[in-house]
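A.B. asks: All chains should be built: construct the whole structure from the sequences, respecting the hints.
Chains as they are written, first to last, in our numbering: chain A, 1 to 255; chain B, 1 to 313.
Take a look, some chain A residues computed to stay more than 10 Å from chain B by CB distance: (1) G20; (2) P28; (3) L31; (4) F46; (5) R60; (6) L90; (7) I94; (8) A183; (9) A207; (10) D213; (11) A225; (12) F236.
Reference excerpt, derived from the structure (chain A facing chain B, CB under 7 Å, subset only): (13) I146; (14) L147; (15) M149; (16) A150; (17) R152; (18) N153; (19) L154; (20) G155; (21) A156; (22) Q160; (23) R246; (24) W247; (25) G248.
Rather than coming from a laboratory, the hints here were simulated on the basis of the structure.
Treat the numbers as computed from the prediction; the structure is a model and nothing was measured.
Ideal Cβ positions, reconstructed from N, Cα and C, are used throughout, including at glycine.
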Amino acid sequence: MKKSINQIIFAAGALILWEGLSLAKIWPPYLFPTPLGVAQALWDGFKDHTLLIGIEVSLRRVIIGYAIAVVAGILLGMLLASNQFLEDTLGHVILSLQSLPSACWVPIALLWFGLSETAIIFVTITGSLLAITQATKAGFDNVPRILSMAGRNLGAKGPQLFFFVMLPASLPYLIDGLRQGWAFAWRSLITGEMIYISLGLGQVLMAGRDLNDINLVVAVMALIAMLGYIVDGLVFRRLDTSLRQRWGITTAASR
Amino acid sequence: MSNYVLELISRSIAGGRVLPENEKVTVTENIEPNPPVKAPQTEAAPALARESISLSGVFRSYKNSRGSFTPALQNIDLEIEQGEFVCIVGPSGCGKSTLLHLIAGLDRPTTGEVAVDGRPVEGPGTDRILLFQELGLFPWLTVRENVEFGMKMAGVSRNERRERAHIFLKMVHLSHFEDHFVHQLSGGMRQRVALARSLTLKPKILLMDEPFAALDAQTRDMLHDELERLWKETSPTVVFVTHNVREAVRLGDRVLLMSFRPGRIKSQFQVSLNRPRHVEDSDVAHLSKEILGQLREEIDRSFNAEYSSEEKH
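C.D. replies: Here it is as structure tokens:
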């Protein structure tokens, strides 16, 4: 309760400050957006369906890319966790690739796939795949030995041991990785969408730049941030909370 | 069959067994119509001798951080009868847990052989359930799901699993906690969940690794009673590792004392006191004192070893 009151006060304060700054006209209006201008841009965007189409197209792409990244990332992570040779070799390659920002994958995507849907999804996958791989590997590496021993002792072997012991035991790490992977996928998608007339939110953002419409640019940025936040809250924070309650893990955040 | 006999004979030769008293006990306690004639023959009939666990010439060493090998167990020759309750005491680092892991099949001897019911142990099996000191309960499952786990792995049907889990949870007085998660239970309750989880598989052998070490005295007393009752009801062979000598005398038919690194069986004590016993009984105290005297020597040795290794560094 107190939390939401604080949030409302903060939002109201920020709006007033913003409006005040824009009224003061310290910066020229084509460089500084106004609250009303941004609201107008959002209204217009939804009215002519640009933003709705943008949301739909972007969400579809991110879902495809993220789904592929999740499956491939988990498989790759398991492979690395189970094979010392792969960990010593490929594991380090993956670690170093992780420092590449997603924009670095755009040129190679364009060369390989051209100006296409595939190129955008490729950029999305590269963004989140490695984070999920790392988290999966860490999850499997950190399964307490006692749990796998207990599982074996109670007759679990092979796939049983994997699905009923190793996988659930690595969930705390895995969920963190999936959450991070989601954020990376969303960011990379927007980067990828800025490369051509792709209908997604990233392209609407670039359109705002081309039209010199600062209000549209900020409106789309806000929309992108909101969508990322909503998915995180609806899916990942819930998963995380229910897992913590089950396992009895308390953290500063949940207390 | 002939292979099996040959194997047993060669094992008894290779093992160089040196526990004649133990053998005598085994023979006299069993009502056997034919007196044993030759050693190999008595060996070849484990069903008659009713030996449940047999370790011969077991040696286990581990690679340490400096790259050389530290022996954990050495020259372990041990026969445990079916339904016997054997307690093992010794200073920490004497390989007690290693011994249990070997019997459970979670670890393998460097040399020597571990056999259960006359068959060499080649891996874990649900006829031998190990109760870990850290329990190893699964935090993502409810109490009931934890208890059902072994049965689920064995392919027992859903309804039967539920039924059996309920029976065993009732046995350990936890039927009202079936839907709780592990972290919502006290230490003693968790211990009982682990016990119930182990018993659902009706193991012939129950291996317990300092199960009650972390509990307060009252809870421990209660669990002693409960364990003794469950043992009588389900009659598994029990190997119980503890550092608490009184606990060992309270529970065991036999108490083995292990020596400090490398772990050997230094001496053994037959506990012929009537059951039920209590830790505060004077007979229990008397025998405990005798065992404790020998245990102290080993603890001193372990302290000296640690002290001198610290001196060197």
